[in-house]
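Asks: Knowing the structure of chain X, use the given hints to seat chain W on it.
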Amino acid sequence: NAGVTQTPKFQVLKTGQSMTLQCAQDMNHNSMYWYRQDPGMGLRLIYYSASEGTTDKGEVPNGYNVSRLNKREFSLRLESAAPSQTSVYFCASSRDRNIQYFGAGTRLSVL
Amino acid sequence: SQELEQSPQSLIVQEGKNLTINCTSSKTLYGLYWYKQKYGEGLIFLMMLQKGGEEKSHEKITAKLDEKKQQSSLHITASQPSHAGIYLCGAGLPGGAQKLVFGQGTRLTINP
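Heads up: the protein sequence lines correspond to chains X and W, in order.
Going by the numbering used here, the first residue of the first sequence is number 1374, and it counts up by one from there.
Going by the numbering used here, the first residue of the second sequence is number 913, and it counts up by one from there.
Keep in mind the hints are simulated off the structure, nothing from the lab.
Careful: at least some of the hints might be erroneous.
What the hints assert, rightly or not - So the derived list for chain W, only partly shown, Cβ under 8 Å to chain X, looks like this:
# : residue
1 : Tyr945
2 : Leu1000
3 : Lys1011
As the list claims (entries may be wrong) - Straight-line distance between alpha carbons at most 30 Å, and here's what the computed DSS-like set of lysine-lysine pairs gives:
#  : chain 1 : residue 1 : chain 2 : residue 2
4  : W       : Lys972    : X       : Lys1430
5  : W       : Lys950    : W       : Lys972
6  : X       : Lys1444   : W       : Lys1011
7  : W       : Lys950    : X       : Lys1444
8  : X       : Lys1382   : W       : Lys948
9  : W       : Lys980    : W       : Lys948
10 : W       : Lys950    : X       : Lys1382
11 : W       : Lys950    : X       : Lys1430
12 : W       : Lys1011   : X       : Lys1382
13 : X       : Lys1430   : W       : Lys1011
14 : W       : Lys963    : X       : Lys1430
15 : W       : Lys948    : W       : Lys963
16 : W       : Lys948    : X       : Lys1430
17 : W       : Lys948    : X       : Lys1444
18 : W       : Lys939    : W       : Lys976
19 : W       : Lys963    : W       : Lys980
For each residue, glycine too, the CB sits at the ideal point set by N, CA and C.
Bound-form chain X, shown alone:
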């Protein structure tokens, strides 16, 4: 039972490079979320998808784009990475308004 799977686990980018963080869940959840975690700031919501085909901005969406590819997969794209995007990124999923289940995270450094 994999739950929420994130790839890659670690990534180092140079300023201006682009990359896509992948997330997949096997729990048949409707809703999926992307958060970033920075020291002393808890988790902040970047984007979420309440259902397949819909996406909405969260608290800190600038510099990111998302795609809800199908019910299982929700990707986060950085078009032109900046040092301020150095963070740990978490994907989560939930069945409607229920408990959110998290992946193990992607540790991203932008130099």
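Replies: Coordinates of chain W only, in the frame set by chain X:
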């Protein structure tokens, strides 16, 4: 906007001691979730509280939501090294939204 304040920000206790972590909201809580995070790992769901005055326990961890639904506490009895980690509270937003806002986390260290 909904804000959650956790206290303390960090806590060091001796193994076997009891401890309490608090989570205070600026507004009425619509669902309060406690998570635990080990260093370098994702968040593990612990408990969810929804009703004022509600209390839930799992093994040696007890979570409570006050009657006014603006404050929650997480109490650990007879702490063990396995309890070490970061504890985060999260709150659902009103209006049927599915988003959560999180406190900044409490880092718990257990000394042998």
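Asks: Work down the list of hints and note, for each, if the structure agrees.
Replies: Hint by hint, here is what the structure shows:
| no. | hint | in the structure |
| --- | --- | --- |
| 1 | Tyr945 | holds (7 Å) |
| 2 | Leu1000 | holds (6 Å) |
| 3 | Lys1011 | holds (6 Å) |
| 4 | W:Lys972 x X:Lys1430 | violated (38 Å) |
| 5 | W:Lys950 x W:Lys972 | holds (18 Å) |
| 6 | X:Lys1444 x W:Lys1011 | holds (18 Å) |
| 7 | W:Lys950 x X:Lys1444 | holds (28 Å) |
| 8 | X:Lys1382 x W:Lys948 | holds (19 Å) |
| 9 | W:Lys980 x W:Lys948 | holds (25 Å) |
| 10 | W:Lys950 x X:Lys1382 | holds (15 Å) |
| 11 | W:Lys950 x X:Lys1430 | holds (28 Å) |
| 12 | W:Lys1011 x X:Lys1382 | holds (24 Å) |
| 13 | X:Lys1430 x W:Lys1011 | holds (11 Å) |
| 14 | W:Lys963 x X:Lys1430 | holds (29 Å) |
| 15 | W:Lys948 x W:Lys963 | holds (21 Å) |
| 16 | W:Lys948 x X:Lys1430 | holds (26 Å) |
| 17 | W:Lys948 x X:Lys1444 | holds (27 Å) |
| 18 | W:Lys939 x W:Lys976 | holds (17 Å) |
| 19 | W:Lys963 x W:Lys980 | holds (9 Å) |
Hint 4 from the earlier list is the only one contradicted by this structure; the remaining hints agree with it.
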